[in-house]
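Protein chains in written order, with numbering that gives the first Met the number 0: chain A, 0 to 502; chain B, 0 to 502; chain C, 0 to 502; chain D, 0 to 502.
One or more of the hints may lead you astray.
The list treats identical chains as one, so a pair stands whether inside a single copy or across any two.
Restricting the straight-line Cα-Cα distance to at most 27 Å, the calculated cross-link-like pairs of lysine-lysine (DSS-like) are [unchecked claim]:
1) K276 x K196
2) K377 x K464
3) K359 x K377
4) K108 x K76
5) K189 x K76
6) K76 x K120
These are computed hints drawn from the structure, not numbers from a lab.
Number of protein chains: 4
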Amino acid sequence: MIRTEYTVNTGDTAEFNNHVDDCVGTGRMGLALQKEYHDQLKIVQDEIGFGHIRGHGLFSDDMAIYQAYADENGEEKVEYNFTYLDRVMDDYISLGLRPFLELGFMPEKLASGTQTIFYWKGNTTPPKSDEGWTSLVIATLAHLIERYGAEEVTDWPIEVWNEPNLAGFWKDADMPAYFHLFEITFRAIKAFEPRFKVGGPAVCGGTDEKWIRAFLEFCREKKLQPDFITRHHYTINTPENIGHYRYNRLVEPKSGIAQLHTTRVIIDSFPEFAGKKIMITEFNTSYTPQSPLHDTNMNAAHIAAQLSMLGNDNASYSYWTFGDVFEESGVPFTPFYGGFGLVTNGLVKKPTFYTFKFFKRLKGQCVHRSDESVICKKQGGYNGVIWNLQMEDERERAEISFKLPADKQDYCLAVWTVDEVSGNPLKTWHDIGEPSSPSAEQLQLMRESAVPAVSTIRLSAKEYKVTFSLELAPNAVAYFELLPAEIRSDRGYDYERAVNKNG
Amino acid sequence: MIRTEYTVNTGDTAEFNNHVDDCVGTGRMGLALQKEYHDQLKIVQDEIGFGHIRGHGLFSDDMAIYQAYADENGEEKVEYNFTYLDRVMDDYISLGLRPFLELGFMPEKLASGTQTIFYWKGNTTPPKSDEGWTSLVIATLAHLIERYGAEEVTDWPIEVWNEPNLAGFWKDADMPAYFHLFEITFRAIKAFEPRFKVGGPAVCGGTDEKWIRAFLEFCREKKLQPDFITRHHYTINTPENIGHYRYNRLVEPKSGIAQLHTTRVIIDSFPEFAGKKIMITEFNTSYTPQSPLHDTNMNAAHIAAQLSMLGNDNASYSYWTFGDVFEESGVPFTPFYGGFGLVTNGLVKKPTFYTFKFFKRLKGQCVHRSDESVICKKQGGYNGVIWNLQMEDERERAEISFKLPADKQDYCLAVWTVDEVSGNPLKTWHDIGEPSSPSAEQLQLMRESAVPAVSTIRLSAKEYKVTFSLELAPNAVAYFELLPAEIRSDRGYDYERAVNKNG
Amino acid sequence: MIRTEYTVNTGDTAEFNNHVDDCVGTGRMGLALQKEYHDQLKIVQDEIGFGHIRGHGLFSDDMAIYQAYADENGEEKVEYNFTYLDRVMDDYISLGLRPFLELGFMPEKLASGTQTIFYWKGNTTPPKSDEGWTSLVIATLAHLIERYGAEEVTDWPIEVWNEPNLAGFWKDADMPAYFHLFEITFRAIKAFEPRFKVGGPAVCGGTDEKWIRAFLEFCREKKLQPDFITRHHYTINTPENIGHYRYNRLVEPKSGIAQLHTTRVIIDSFPEFAGKKIMITEFNTSYTPQSPLHDTNMNAAHIAAQLSMLGNDNASYSYWTFGDVFEESGVPFTPFYGGFGLVTNGLVKKPTFYTFKFFKRLKGQCVHRSDESVICKKQGGYNGVIWNLQMEDERERAEISFKLPADKQDYCLAVWTVDEVSGNPLKTWHDIGEPSSPSAEQLQLMRESAVPAVSTIRLSAKEYKVTFSLELAPNAVAYFELLPAEIRSDRGYDYERAVNKNG
Amino acid sequence: MIRTEYTVNTGDTAEFNNHVDDCVGTGRMGLALQKEYHDQLKIVQDEIGFGHIRGHGLFSDDMAIYQAYADENGEEKVEYNFTYLDRVMDDYISLGLRPFLELGFMPEKLASGTQTIFYWKGNTTPPKSDEGWTSLVIATLAHLIERYGAEEVTDWPIEVWNEPNLAGFWKDADMPAYFHLFEITFRAIKAFEPRFKVGGPAVCGGTDEKWIRAFLEFCREKKLQPDFITRHHYTINTPENIGHYRYNRLVEPKSGIAQLHTTRVIIDSFPEFAGKKIMITEFNTSYTPQSPLHDTNMNAAHIAAQLSMLGNDNASYSYWTFGDVFEESGVPFTPFYGGFGLVTNGLVKKPTFYTFKFFKRLKGQCVHRSDESVICKKQGGYNGVIWNLQMEDERERAEISFKLPADKQDYCLAVWTVDEVSGNPLKTWHDIGEPSSPSAEQLQLMRESAVPAVSTIRLSAKEYKVTFSLELAPNAVAYFELLPAEIRSDRGYDYERAVNKNG
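Only chain A is shown next, with the shape it has when bound in the complex (with noise of 0.2 Å):
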């Protein structure tokens, strides 16, 4: 057992920038018409409620925005079709949602080669035409801005392509030919409507020196200013595939923190681009789907210590992704197929939705940051969220003590634990014999699981000061309430007696 106390004292206060929920992450954009992606996603926003959305394949080709077709000449014209696309904004704005406008991949007929990525063949290759290209951006905002109102598009954020930098997702990882794509696209936006705020350069982690330093050399020469910088982040080193899965190895959520830190400091050090927002477009453990890992209590726990400290340099962090509706390598065969979403494909929510759900409930002032806890001051008492994070195959349990200024004399606190017992539906889908179709009955059950235990304690304050201790097991994630609670029982009524004597 890990045993930790802390005294937080009248007038402390600790840092904490607490944006969990600007941003969250989702499959294909076209697979957002189905009806299974919506009830997720409407569970996510019910329980946790995003700002923002973000993903790939806006002008894939089965959103069908770019059409080209031969006219009575056979000269090749190009309409565009929203029917789609309506269909998707109108259902994310309908759960409190607003895009943020990834722009990619490549229609095929606009394409200048025909490399595609993921079962679902997104092409990645650079227009085939300049004009063709900011034609349809332009189109495309025109549209929105017709349906939605200026006011609201341009509030939504947009960005240039997915990780240029790696050769699956932009042919070639070919750096000029992006910077290219990011200016034509820049300065086509700001013409059209210069309130839109744009961004890039979208890479993966890993790759500060060489491209974020090169992508803001570039805006400084072509005279650039992007709204904000963008950037992934995962936490894994490289996974083994053994049949439709991958095992990975976390690091350590400081090791990836401090990486993220190293942006920071080479935006701040161009005067031109000193304190530019830094949005993580994507952030998870792993970065490949088919991870079990994503399912588990470690992973809820390890993106407890990351939420706790993502806000450190950062003004957006999207989770990639809020639902297991996914299809970049391939069709799902089972409900727990280690997919990224928070809420697996028949609806059970896993333990990292929690983690969410959690950072998403701390309100107030911040009085007590550590590596595993976060309190906040509310409404004369508290709320925190804690965790014990174990990744080594020898997992201990942890205490923390705390010990916090009281005003009042009765408190009552309320803790939401999730750990290997409570609030974890992949165990109880594995003891139920790992069925690929679960029956109605099963689901229920799997739901069922997938609830924090929920406790209350009485507490009394000594000497202005409350004090108490919580018990965490292996990955546990915690939420708690200490609120004050005065008994004001009703005329005759004695809750011991009621509880304890018979008569």
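Following the hints, complete the assembly by docking chains B, C and D onto the known chain A.
Leaving out everything else, chains B, C and D in the frame of chain A:
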């Protein structure tokens, strides 16, 4: 710790008649117009699902059926208003319920006296005119048949009055007056439509020799053949009143069941009536509302014991009542006021809710019944309910072990447990200060704490037997399913590695 | 046929104050616990959307707030029960409504006498103790503030009693007693929380000179500054009673409006009170329930005329009542019983429902108002309400023509019409035999017949004017929108060919 | 005006087989994952309620069932993924539907060639391996049985492939190759589970002599006894293409019905197959999507004529398709794009929706059928559908009069009419400018204009006959109910006074 072990052998069966869902009780019919009433009943029906519903007040003035007025010549005329009756019946039917019609109490303008009962003032005097009463009864039944069809309506059981053996419910507890009422009502209904089933005498417990026997003698003499015999059943000693509340002492479940058996014996002693169906039209632990006992785990465990035995002699036993919208002693001041209901005002499920849900889930042939358990065989496996009733001040935990016949190798045991820690919102409400007007957040917390703990474990059969132990806290009630569960892992999926290894 | 033509010129404006949605009336507060009440109110709020709701019975005994009991020494003590109040307020707030609090009637145990009003027996006598009364008022307001916050609750208008100038509503219509009640209540509330807005005297119409003037003189003398003045407004002559029903004769809308203006004049004649807000806390055509008039098209047209003028002098006018759950004259026998409501029991919308819906939809600056029409400019087009009130036995159709300024070429005129043929479920109910207990199929038919006829037509502007005529059956009410509508056909689409040619 | 009169005498009956709700068509199965698809289907099921649903693409790659991969030795292995299949089937079942399984098209990795059909690229070549194909079929059926039970699943009809007589749907329209596919599939299914019902040859119309006869000869020779014979049925001449759209010329309904009768005659000429069930697994007016005709009143009237006759020879006729989520010719650009559906994208009901709803409502014994009407006797009254099909440029109104036997005195005739004025949202959409991306307000207006006009009238019988006339605009379709409706007014209620008098 109390330790018990049971072995079931192949081919074993046990007697157990499960009529848990035949009927449930309700506050007076006028309350069925309320939205909170509907919302509570909907929860009960969605998760438990009773077949019938029975309560007082069909003819009380808030149902507005009986309307007397003076015509142009000043003569009293009567007309019937079925607006509210239709509304209530439509709602019951939409919730999958059929009424168990209790004929009573007396409309003020048809009453022979002014005696009333309850905060809501039900008139408990005989009719001033026999003909006025039977006309009212027949007009009501005729209206129901016109609206819902004779096939349907004649299937609704009918009971004449409520607890006429108590002076509060029937002026002077006048036995001949009641028998007369029964006779005229019975004859009028059967003359109108012989398919109706009519029963009585709806007495409270403890009066078998006096009232049940006399009633049967009266029926024999008058050549009346009632379709079933009704009585009530409560299991407490005299309560102590303090402020708004009453504190009761529970008696052993078995002593109550023994007392019920007397009724069976008396009926069977009449050759004309031997074997006639007994319907317990009310039962609970305490017969008083505002009885804090009702909200406790002890209540849940006591009712579990009762539900395992009530089918011994009785075809129906109607828990008094499904919900906490109830006004007999006035309007409750708090959500946990010790009401009879399975659900509180504010839609929080009490422990006893789950006792009913658990027994309702029991399917298949009983293979074992003991003082603290019932097990049935189904779908190649088993399901059961177990409980640990502890009524004394010193309370013990129990460990119950079962060895059951098995024809498969791999099983999953799933257990749903309600005890002082899980599924016990009364404690939560107390811990937050016993608020009379809980906020939305407080209600949410109470609802979250009102769910059973769910756990699963994998088991392997040995020599065609599967063995397991369940530990129960004092007054815990649990439901389990033991079902075959061979593991069929997807290609490459390794649960142990995913959960226990980093990478 | 009555023919009328109007021309509106560029820049024309007309006076029209649209407070249609400020407030609506309701049957007594205890009825707000009912499901049917909630369902009717939900329809009204979903489609019309009022801001406040006002009705009687806050302190009547079915709300159970005032509870007196004898303590151990036999002394009368008082406690308050807010269970039902919370339930009602929560429901109002969930439907987007704020209460307009009418303080009354008297709890039986606080009353000085036994006089009651209505089938539901509201006690209409002064308090037996001034202090008991003000304590009740302040305890209630304090509770509301604790539950909903002072910011919110002090925004709820408060009115002292109802129609004290009628002996039925206030014992002996005792003016000094009412003024005393007003004074102690007003002073107590302001002392407790000065932000509350308190008004009176809530008199019925026709008593301006006597009561309004006296009330203002009293306030001047006592140096009370009420926040607003309240009165009621109905527009019929004395009804004739037959069986359960009352038949009324409507007066001209303008004569009613003229009468209301008197109140304005009297108030403005007091320098201390000049310009003070007038709130009509009840209005309708007939003041009697069971008045078949309420369900008719004539009622809808009359209310349309009123709604076009009621804002002339008044800041609020609360239609009495939103729905037909109402018991002042007893429980209705049929769904179309002439209740005050916009929606019947059984959730069928009456013609007057649409009068409100149409006025609520009116947006923009008024450019034209006449005896049978109001037109406002919005979004490059117009919207308007027109009606054809015909009160005499001989009834005529009307054709109303408009010529409006246009800055576009192509328009679409959409018209929603409620008349004797469309949106008139009373006729449907009559045609199917006036059933008191309609079946589900009959209700469905009634609901399907309770929708306006919708039509569209394309119009072209000529010389910057667009011209059109609308024909109205007697007592029809219609809403129209005239909006720019250029045709942008998809490539190859030919509507005329599709519709008018075979192939 | 065309005037027609019909007299029905007591005891008259007419032949009319109403299988309107047996089955409906759908776009490819992969689209069934979409939310808009579900929402459209839910409307159709809620208001019409079909029994089965049939469409293409069960085995197409977007359903992801057939998965080939290389094992560690580089050998191709096959596994099946039922994730999407389960999702679609669960949704159908939740909507009260059973699938009519069409086996096709070919998974790319199982295909012998690369020929595809449609925008969505269904592979239409034979399997590269017979065994691979039958294994896929049997694995799919076995999975469905495991999930839904053999009792249920063997009740789902199975059809082998689609329109193999067209070279687009089946490479080279190779008849021997299809017959071979049919034989191996049929034999494999029957060997697996003989209770399955399997049919073919699923040909389009106009090929009875060639394909139906050859198919039956083949079956006779091979001693195959198919459970039913399937074909398709459309009623237009060759369309003209303009831009995205096709314009078709409708033929007379009767000529189509006559052509269908040929199939019956051919089948019955084989003694082995005489009387065998014919299932029309697709029918509509035009066989092309993007056919504006589908959205018109003429389509609705033509389908009405068809529905009155299709039961003459056929046990099932499946309208192609229930909704407008459909991609065979690409993604639609506008909501009224001439799709096959009964409901548009955006959930607006087309006129033909009501043709189906009206025929579905028809209950009882047919007493009259003519070229423009069907009448059935029910519940002491009648219900009927009438239409006025007008295909030429000059179109006439029709007045149809009926004299029907009556055993009551008073009746109410209720009529629901869809014509160019009511229930015609295509006109509304045109009038507002044919928007491709309608706003929420525009959609609301379209939906409000997509309801039938409802009217009621009271009728009195004379000499045991009730007589009435209905007037229909060109291409109107109407449903009526004529039911007994004695007036039972409440005490004092006078409808005429309420409606026609002021006071």
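When the structure is checked against the list of hints, which entries are broken? Sort them ascending. none
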